[in-house]
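Undergrad: The residues making up each chain are set out below.
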Amino acid sequence: MIQTKSLYKHYGQTAVVNDVSLQLPTGRLIAFIGSNGAGKSTLISLISRTLAKDEGQIMIDQQELEQWKSQKLATRLSILKQQNALSLRLTVRELTGFGRYPYSRGRLTPQDEVKIDQALAYLNLEALQDRYLDELSGGQRQMAYIAMLLAQDTDYVFLDEPLNNLDMKHSVQIMQVLRRMVSDLRKTVMVVIHDINFVSAYSDYMIALKDGQVVCQGETAEVITPRRLKAIFDLDIEVHEINGHPICVYYN
Amino acid sequence: MASGKLPELRPVRPALVSCRAGRPAGRSTRSTVVDQANLRLNLLLSAAVLILAAAYLLPGLSARNLSYFLPLRALKVGAILLVSFSTGYTATAFQTITDNHILTPGILGFESMYVLVQTLLVYLYGSKVALMSDHGEFLLSVGAMLLLSGLLFLLLFRGHRQDLFILLLAGTIAGSLFTAVSTFIQVLIDPNEYMQIQSRLYASFGNINVKLFGISVLLTALAGCCSLPDWRRLDVAALGPDHCVSPGVSHRHLTLRTLLLTAVMVSVSTALIGPMTFLGLLTVNVARNLLKTYKHRYRIPAAMLLGALALLASLLLVERVLAYAVTPSMLINFAGGSYFIYLMIKEGKGAKKH
Amino acid sequence: MKKKLILILLLFVLGCISVSLGVKAFSWAGLLSGQPADRSVFWLSRLPRLISILITGAGLSISGLILQTITGNKFVSPAVAGTMDWCRLGILLAIILAGSQQTWLKLLLAFVVSLAGTLLFLTLLRQLSYQGTYMVPLIGLMLGLVVSSVTSLIAYRFDVAQNLQSWLQGSFSLIIEGRYELLYLGLPCLLLAYLYAARFTVAGMGEATAVNLGLNYKAATLAGLTLTALMTSAILVTVGSIAFVGLIIPNLVSIWHGDHIRHTMFETAALGSIFLLSCDLISRTLIYPHEIPISVTAGIIGAGVFLALILRRRRRVHGKRQTP
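Protein chains in written order, with the numbering used here: chain A, 487 to 738; chain B, 404 to 757; chain C, 78 to 401.
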């Protein structure tokens with residue numbers, strides 16, 4: 487279980503994360519929403535130790551973040567950041583293989599190879615596995631990164647705007663994979679997404695941030711109401727139910 | 404890092420380019436006030452150059468040694484003025500076109516190209532080069548440099564922004580290729596013939612080629628005249644290649660012309676006093692900080708004057724204070740190099756603040 | 078596997094040619110039958126030369142590979158990042174402090190100074206606003222120019238400029254038994270580089286990814302720079318500087334084999350040695366019985382290859398971009 491207690495992060499004078507205390511439910515697909523600059527990315531960077539906090543406490547499985555050995559933690563928690571402009575020329579399979587780095591430090595064992603095969607199969611990437619990343623489309627590349635994340639096989643998985651710059655088909659594919667990771671593999675997936683309708687269709691639980699603070703959290707269906715969305719985004723949003731999902735309309 | 408990459412810091416763009424059309428007479432806008440201040444600053448710098456030149460030329464002269472010392476010193480001062488003229492223009496234009504503050508044309512390998520051309524001439528024509536007039540041979544090398552840099556440009560530069568940096572990197576690498584080829588040919592050349600070119604290849608303040616001075620002045624003046632129409636275009640070019648299109652300035656042609664003029668001016672100053680890699684970097688940045696204007700008609704003269712000041716000061720220092728313990732170009736390179744590191748650190752801090 | 082065999086075979090053939098070639102009379106038959114003259118030529122000069130070429134080629138190309146991986150930039154190498162210029166400054170300091178005979182002191186100072194210098198380059202780079210692919214090597218080259226201007230200033234002041242000149246031009250012509258053993262330092266470095274290869278690749282994937290995978294990013298970077306500085310210093314002190322090997326060889330291998338450097342290390346090292354061996358053979362045969370410094374041959378061929386690489390890369394980038 488992941489918990490934070492009065493977490494702070496400042497950039498200069500502004501508190502980007504301002505007194506955030508959270509308890510993240512396990513085994514769910516959790517969406518972080520909020521406007522640009524609300525502190526979503528910063529918050530998950532803090533929790534995933536890719537950014538140092540200023541104040542407060544982060545507990546992962548009852549143990550404080552600082553007490554974890556980085557390598558050990560890498561087998562419990564993984565994160566995919568927004569910018570993945572890789573300058574190295576790696577094949578899809580090699581990249582996926584690096585997900586096993588925390589376990590084998592670069593010398594892949596037969597079990598690692600099995601995990602890599604499984605990850606590639608899970609994402610239907612077998613046909614592409616020997617292609618170089620720079621030869622792929624943006625969507626395919628993002629799938630390859632998710633394969634790496636899958637091979638890392640951690641209970642907690644963070645993704646920072648994984649749908650950025652992707653077309654609809656790949657966005658749907660990725661959300662379906664994340665959904666299956668929760669329901670089939672019992673993982674806790676935490677994801678920052680801007681498209682509120684993707685959140686509505688795929689996530690179980692929502693955490694909304696505004697100016698570095700949590701303004702509201704709860705089951706997806708409870709949060710997606712015009713009143714709450716108005717409080718989060720300062721925007722009048724209509725909510726219609728289509729095929730059992732609340733769908734937001736914000737084009738006026 | 405939270406957001407991965409730092410925000411990219413672009414040099415501050417000048418707000419708008421003033422139109423050629425005159426504004427109502429008698430009204431002093433903020434812009435004219437700044438212009439007047441810049442003009443005053445340039446006059447001040449000229450005065451300083453004159454004082455330093457006098458301080459170098461005059462002391463210790465008497466009726467007896469006048470005829471010996473004065474021409475010698477005047478030659479050095481002349482060479483300094485020439486070199487600062489070339490460096491001031493080429494470095495300012497180069498930085499405007501490449502849109503950054505820390506590169507100079509000095510890295511482009513023009514000096515090694517000059518050495519290669521000279522070496523090739525001796526290799527191909529042997530001692531006949533010695534029979535050739537200095538002028539003919541010099542013109543031939545300048546022509547060859549124009550040809551070579553033009554070729555390099557046409558081969559590499561298709562007008563993309565990225566191309567410019569490829570061009571710079573390729574130019575730098577080509578420079579070390581030229582040096583290697585020169586060394587290779589020098590191994591092949593007959594040692595006696597090599598002696599002939601050696602002094603010509605590695606010029607310095609102590610070793611100014613008098614015979615070349617006249618033609619150097621001529622070539623530099625010619626190149627300077629050719630550059631004049633570009634001064635205003637450079638104001639526009641500072642907005643970036645994309646914004647050049649609507650005011651009707653061809654960034655590509657401007658770049659080509661600047662590189663060709665640079666080839667001429669650098670070969671002239673290399674032939675006269677040898678390479679001065681960091682002089683341009685130093686003067687252009689100091690000028691930019693002093694003047695705070697985008698207008699090249701103030702910035703270029705200021706860079707030139709500052710160059711002359713720096714060279715005169717280092718010459719005075721070396722000859723009168725340090726008793727020739729180092730050479731002026733070493734001093735300039737040292738100062739310019741330290742300034743380069745300072746610039747990099749400063750730019751880094753600036754990027755962090757954003 | 079097949080490619081590796083071809084590389085090994087090529088190395089072997091070139092190595093044999095290299096040993097047979099030279100001004101002094103030498104025959105393989107004589108060596109094998111134990112002729113003292115042939116044996117002494119072999120052990121005193123031919124074998125040391127071969128070994129130093131092999132280690133230098135492998136060391137320089139692996140150094141380049143490590144630097145390129147860590148900086149994430151294909152145009153960086155010990156020469157471009159200024160490591161070599163810092164080395165030269167270190168050697169100069171050693172000469173001024175203790176004369177030109179103190180080989181170990183030279184190595185030590187070259188190592189310390191170049192490690193500090195390369196670290197400085199990396200630190201400046203990390204906090205700099207200009208980070209384009211082509212800007213990084215340009216900044217490295219400028220910094221190198223600054224350092225060498227300082228070096229020449231000091232050398233001129235202490236009257237050792239002539240002495241220093243010999244480190245500007247790499248040459249194997251003076252390699253004989255007793256004068257190259259320092260290069261053996263390269264062997265453990267190469268081994269360590271191989272063991273650490275996966276870490277360098279992970280570090281090259283960026284700090285966030287590295288942290289995510291549980292790698293100590295700073296330690297891995299420092300380890301890579303230390304190995305690079307040590308190998309470069311040992312080579313510079315014994316052979317002198319040779320540009321372009323560290324730049325072009327990793328690029329050539331990367332085109333065929335990608336950048337998982339654990340998978341490419343052998344090819345990179347072998348190709349580096351083959352390249353340098355070939356350059357050396359050209360150096361020795363072109364104006365036989367005289368010899369062209371290897372830095373010249375390697376410089377000419379290397380610069381040519383590098384320009385071709387730049388053009389190739391530009392064509393690829395533009396090919397993608399120009400479709401509107």
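Don't read these hints as lab results, they were simulated from the structure. It is possible that part of the hints are untrue.
[Said to hold, decoys possible] Computed cross-link-like contacts, DSBU-like style, restricted to lysine-lysine with a CA-CA straight-line distance of at most 30 Å:
#  : chain 1 : residue 1 : chain 2 : residue 2
1  : A       : 555       : C       : 101
2  : A       : 491       : A       : 555
3  : B       : 695       : B       : 614
4  : A       : 716       : A       : 696
5  : C       : 295       : A       : 491
6  : A       : 716       : A       : 555
7  : C       : 80        : B       : 749
8  : C       : 79        : A       : 558
9  : A       : 655       : A       : 491
10 : A       : 558       : A       : 655
11 : B       : 749       : B       : 698
[As the list claims (entries may be wrong)] Covered stretches of chain C, going by a simulated chain A footprint (3 or more residues, C-beta under 8 Å):
#  : stretch
12 : 87-98
13 : 222-234
14 : 259-271
15 : 368-376
[Said to hold, decoys possible] A few chain C residues that don't get close to chain A, going by computed Cβ distances all over 10 Å:
#  : residue
16 : 82
17 : 103
18 : 113
19 : 116
20 : 122
21 : 170
22 : 174
23 : 181
24 : 193
25 : 254
26 : 339
27 : 358
28 : 388
In this text, a Cβ means the ideal position worked out from N, Cα and C, and glycines have one as well.
Undergrad: Determine for every hint whether it applies to the structure shown.
TA: These are the hints, each one checked on the structure:
1. Note on residue 555/A and residue 101/C: the hinted pairing is violated, with a Cα-Cα distance of about 62 Å set against a maximum of 30 Å.
2. Distance restraint check for residue 491/A and residue 555/A: the Cα-Cα separation of roughly 21 Å lies within the 30 Å cut-off, and the hinted pair is therefore satisfied.
3. Annotation: proposed proximity of residue 695/B to residue 614/B is violated, straight-line Cα distance about 40 Å (limit 30 Å).
4. Our distance criterion of 30 Å between C-alpha atoms is met by residue 716/A and residue 696/A, whose separation comes to about 12 Å.
5. The hinted pair formed by residue 295/C and residue 491/A meets the criterion: a straight-line CA distance of about 29 Å does not exceed 30 Å.
6. Proposed proximity of residue 716/A and residue 555/A is contradicted: the alpha carbons are some 42 Å apart, above 30 Å.
7. Restraint check for residue 80/C and residue 749/B: not satisfied, since their Cα atoms lie roughly 49 Å apart, outside the 30 Å limit.
8. Taken as a hint, the residue 79/C and residue 558/A pair is broken in the structure, with Cα atoms around 39 Å apart against an allowance of 30 Å.
9. Taking the CA atoms of residue 655/A and residue 491/A, the gap is about 38 Å. The hint is violated against a cut of 30 Å.
10. At roughly 35 Å between alpha-carbon atoms, residue 558/A and residue 655/A are farther apart than 30 Å, so this suggested pair is violated.
11. Between residue 749/B and residue 698/B the CA atoms are separated by roughly 24 Å; this keeps the pair inside 30 Å, and the hint holds.
12. Chain A is given as covering the stretch 87-98 of chain C, and this is violated because 0 residues of the stretch bring a CB closer than 8 Å to a CB of that chain, at least three being needed.
13. With 0 residues bearing a CB less than 8 Å from a CB of chain A, the stretch 222-234 of chain C misses the requirement of three and the coverage assertion fails.
14. Only when three residues or more bring their CB closer than 8 Å to a CB of chain A does the claim for the stretch 259-271 of chain C stand; here the count is 0, and the claim is violated.
15. Here the stretch 368-376 of chain C counts 0 residues with a CB under 8 Å from a CB of chain A, which misses the bar of 3, and the coverage is violated.
16. No Cβ of chain A comes within 10 Å of the Cβ of residue 82/C; the nearest lies about 22 Å off, and the non-interface call holds.
17. Listed as a non-interface residue, residue 103/C keeps its Cβ farther than 10 Å from every Cβ of chain A; the least gap is roughly 44 Å.
18. The non-interface label for residue 113/C is consistent with chain A: the shortest C-beta to C-beta separation is roughly 48 Å, beyond 10 Å.
19. No beta-carbon of chain A is positioned within 10 Å of the beta-carbon of residue 116/C; the least distance is around 43 Å.
20. Non-interface call for residue 122/C relative to chain A: holds, since the shortest CB-CB distance, roughly 41 Å, exceeds 10 Å.
21. Non-interface status of residue 170/C relative to chain A is upheld: no Cβ of that chain comes within 10 Å, the nearest being about 35 Å off.
22. The claim that residue 174/C lies off the interface holds: its Cβ sits roughly 40 Å from the closest Cβ of chain A, which is beyond the 10 Å cut-off.
23. Annotated as non-interface, residue 181/C keeps its C-beta farther than 10 Å from every C-beta of chain A; the closest such distance is 34 Å.
24. The beta carbon of residue 193/C sits about 25 Å from the closest Cβ of chain A, which is more than 10 Å, so the claim that it is off the interface holds.
25. Separation of residue 254/C from chain A is adequate, the least Cβ-Cβ distance of about 38 Å exceeding the 10 Å criterion.
26. A cut-off of 10 Å between C-beta atoms contradicts the statement that residue 339/C is not in contact with chain A; the least separation is 6 Å.
27. Interface exclusion of residue 358/C from chain A stands, the closest Cβ pair being 31 Å apart, more than 10 Å.
28. Look at residue 388/C: its CB is around 18 Å from the nearest CB on chain A, clear of 10 Å, so calling it non-interface holds up.
Hint compliance for this structure: hints 1, 3, 6, 7, 8, 9, 10, 12, 13, 14, 15, 26 are not met, and every other hint is.
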